[in-house]
Amino acid sequence: GAVVSQHPSRVICKSGTSVKIECRSLDFQATTMFWYRQFPKQSLMLMATSNEGSKATYEQGVEKDKFLINHASLTLSTLTVTSAHPEDSSFYICSARILAQETQYFGPGTRLLVL
Amino acid sequence: QKEVEQNSGPLSVPEGAIASLNCTYSDRGSQSFFWYRQYSGKSPELIMSIYSNGDKEDGRFTAQLNKASQYVSLLIRDSQPSDSATYLCAVPDFSGGYNKLIFGAGTRLAVHP
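Residue numbers (our numbering), protein chains in the order written: chain A, 1 to 115; chain B, 1 to 113.
Note that these hints are calculated values from the structure, not bench results.
Take these hints with a grain of salt, some might be off.
Unchecked claim - Cβ-to-Cβ under 8 Å is the rule here; a few derived chain A residues that face chain B:
no., residue
1, 31
2, 34
3, 46
4, 54
5, 93
6, 99
7, 100
8, 102
9, 103
10, 104
11, 105
12, 106
13, 108
14, 109
As the list claims (entries may be wrong) - Ranges of calculated distance between the beta carbons of each label pair, as one might list FRET restraints:
no., chain 1, residue 1, chain 2, residue 2, range
15, B, 78, A, 43, 25 to 31 Å
16, B, 69, A, 7, 27 to 33 Å
17, B, 57, A, 15, 46 to 52 Å
18, B, 80, A, 9, 25 to 31 Å
19, B, 95, A, 66, 44 to 50 Å
20, A, 15, B, 110, 35 to 41 Å
Claimed, not checked - Below are the DSS-like pairs computed for lysine-lysine, each with C-alpha atoms no more than 27 Å apart in a straight line:
no., chain 1, residue 1, chain 2, residue 2
21, A, 55, A, 20
22, A, 20, A, 66
23, A, 55, A, 66
24, A, 66, B, 42
25, A, 20, A, 64
26, A, 55, A, 41
27, B, 56, A, 41
28, B, 2, A, 64
29, A, 14, A, 64
30, A, 41, A, 66
31, B, 42, A, 20
32, B, 42, A, 41
33, A, 14, A, 41
34, A, 41, A, 20
35, B, 42, B, 67
36, B, 56, B, 67
37, A, 14, B, 42
38, A, 66, A, 14
39, B, 42, A, 64
40, B, 2, B, 67
Quick caveat, the model's predicted, so the values are computed rather than measured.
Glycine included, every Cβ here is placed at the ideal spot set by N, Cα and C.
Next up, chain A with everything else stripped away, as it sits in the complex (with noise of 0.2 Å):
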């Protein structure tokens, strides 16, 4: 159980352009997920977390309006990276945690590269 899946594993695209990421709960009703970036060798950086039905909060640094986040139902958030540059080039991560469980079940990532 606790399966959670990403979509694109991988995506290549120009400079300027945007793209989205989708984050699912295959197996359970997540309220809460949450959006990390990985830079290579580096630590996992949270992003931003995500509620069912309401703005997502994000930490700071993060720009609210580069990185749309969106989690409209229980079983999906996504991410939007706009106007996409090569250094937003990473691995994002996303997890979801089931109601009342502080326990977060990661995605298997999405690799972004912006060229």
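With the hints as your guide, set chain B onto chain A.
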């Protein structure tokens, strides 16, 4: 801001040995603790959670918690090369009105044949 500290390593152990990974945390009120494993190029996967002082065993893994000293450790018995990965310690943070996990920077474990 709560902090979770881990030695970055690498921790190098021979195959078959016990690997000991340590984590300290700043918030004395923390009640639950998580260990995740992250292989290179992959996302983290949950190994164990622990909530009470003492030891919790799951197969070759044992988590140890000492709330008085504010540390949690992970022991891997009979280490295998396939255990080579980065191990992340995480503690919940309820500040700011919502629940998130604070991760340590991770300890890289290398098990050599």
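A quick look at each hint next to the structure:
About 10 Å separates the beta-carbon of residue 31/A from the nearest beta-carbon of chain B, more than 8 Å, and the hint is not met. Annotation: residue 34/A was flagged as interfacial toward chain B, and the flag holds, the nearest CB pair being 7 Å apart, inside 8 Å. About 6 Å separates the beta-carbon of residue 46/A from the nearest beta-carbon of chain B, less than 8 Å, and the hint is met. For residue 54/A, the interface hint is violated, the least distance from its beta-carbon to any beta-carbon of chain B being 10 Å, above 8 Å.
Below 8 Å, beta-carbon pairs count as interface contacts, and residue 93/A has one with chain B at about 5 Å; its hint therefore holds. Taking 8 Å as the C-beta cut-off, the interface hint given for residue 99/A is violated, the closest approach to chain B being about 11 Å. Annotation: residue 100/A was flagged as interfacial toward chain B, and the flag is violated, the nearest CB pair being 10 Å apart, outside 8 Å. Evaluation of the residue 102/A hint against chain B yields a held restraint, the C-beta minimum of about 5 Å falling below 8 Å.
For residue 103/A, the suggested interface contact is upheld, since its CB lies about 6 Å from the closest CB of chain B, less than 8 Å. Below 8 Å, beta-carbon pairs count as interface contacts, and residue 104/A has one with chain B at about 6 Å; its hint therefore holds. Against a cut-off of 8 Å between C-beta atoms, the interface hint on residue 105/A holds, since the closest Cβ of chain B lies about 7 Å away. Here the hint on residue 106/A is kept, as its CB sits about 4 Å from the closest CB of chain B, short of 8 Å.
For residue 108/A, the suggested interface contact is upheld, since its CB lies about 5 Å from the closest CB of chain B, less than 8 Å. With its C-beta approaching chain B no nearer than about 4 Å, residue 109/A sits inside the 8 Å limit, and its interface hint holds. Against the hinted window of 25 to 31 Å, the Cβ-Cβ separation of residue 78/B and residue 43/A comes to about 28 Å, which satisfies the hint. The hinted range of 27 to 33 Å is not satisfied by residue 69/B and residue 7/A, whose Cβ atoms lie roughly 43 Å apart.
The beta-carbon spacing between residue 57/B and residue 15/A, approximately 51 Å, falls within the hinted interval of 46 to 52 Å. Residue 80/B and residue 9/A have their C-beta atoms about 27 Å apart, which keeps the hinted 25 to 31 Å range intact. Distance hint check for residue 95/B and residue 66/A: the Cβ-Cβ separation is about 25 Å, which falls outside the suggested range of 44 to 50 Å. Taking 35 to 41 Å as the suggested C-beta distance range, the pair residue 15/A and residue 110/B conforms, at roughly 37 Å.
A C-alpha spacing of about 17 Å is found between residue 55/A and residue 20/A, which places the hinted pair at or below 27 Å, so the restraint holds. A C-alpha spacing of about 12 Å is found between residue 20/A and residue 66/A, which places the hinted pair at or below 27 Å, so the restraint holds. Proposed proximity of residue 55/A and residue 66/A is supported: the alpha carbons are some 15 Å apart, at most 27 Å. Restraint check for residue 66/A and residue 42/B: satisfied, since their Cα atoms lie roughly 25 Å apart, inside the 27 Å limit.
Between residue 20/A and residue 64/A the CA atoms are separated by roughly 14 Å; this keeps the pair inside 27 Å, and the hint holds. As the CA atoms of residue 55/A and residue 41/A are separated by approximately 31 Å, the hinted pair breaks the 27 Å bound. Between residue 56/B and residue 41/A the CA atoms are separated by roughly 30 Å; this puts the pair beyond 27 Å, and the hint is violated. Proposed proximity of residue 2/B and residue 64/A is supported: the alpha carbons are some 23 Å apart, at most 27 Å.
With a CA separation close to 21 Å, the supplied pair residue 14/A and residue 64/A stays within the 27 Å bound. A hinted pair counts as satisfied when its Cα atoms are at most 27 Å apart, and residue 41/A with residue 66/A qualifies at roughly 24 Å. A hinted pair counts as satisfied when its Cα atoms are at most 27 Å apart, and residue 42/B with residue 20/A qualifies at roughly 20 Å. Simply put, residue 42/B and residue 41/A have alpha-carbon atoms about 12 Å apart, close enough for the 27 Å limit, and the pair holds.
Distance hint between residue 14/A and residue 41/A is fulfilled; the C-alpha atoms sit about 24 Å from each other, no more than 27 Å. This hinted pair checks out: residue 41/A and residue 20/A have alpha carbons roughly 24 Å apart, not beyond 27 Å. Between the alpha carbons of residue 42/B and residue 67/B the distance comes to roughly 31 Å, so the proposed pair goes past 27 Å and is violated. Distance restraint check for residue 56/B and residue 67/B: the Cα-Cα separation of roughly 14 Å lies within the 27 Å cut-off, and the hinted pair is therefore satisfied.
Distance restraint check for residue 14/A and residue 42/B: the Cα-Cα separation of roughly 24 Å lies within the 27 Å cut-off, and the hinted pair is therefore satisfied. The hinted pair formed by residue 66/A and residue 14/A meets the criterion: a straight-line CA distance of about 16 Å does not exceed 27 Å. For a cut-off of 27 Å, the pair hint linking residue 42/B to residue 64/A stands: about 26 Å separates their Cα positions. Between residue 2/B and residue 67/B the CA atoms are separated by roughly 15 Å; this keeps the pair inside 27 Å, and the hint holds.
Going down the numbered hints, you'll see the structure goes against 1, 4, 6, 7, 16, 19, 26, 27 and 35, while the others check out.
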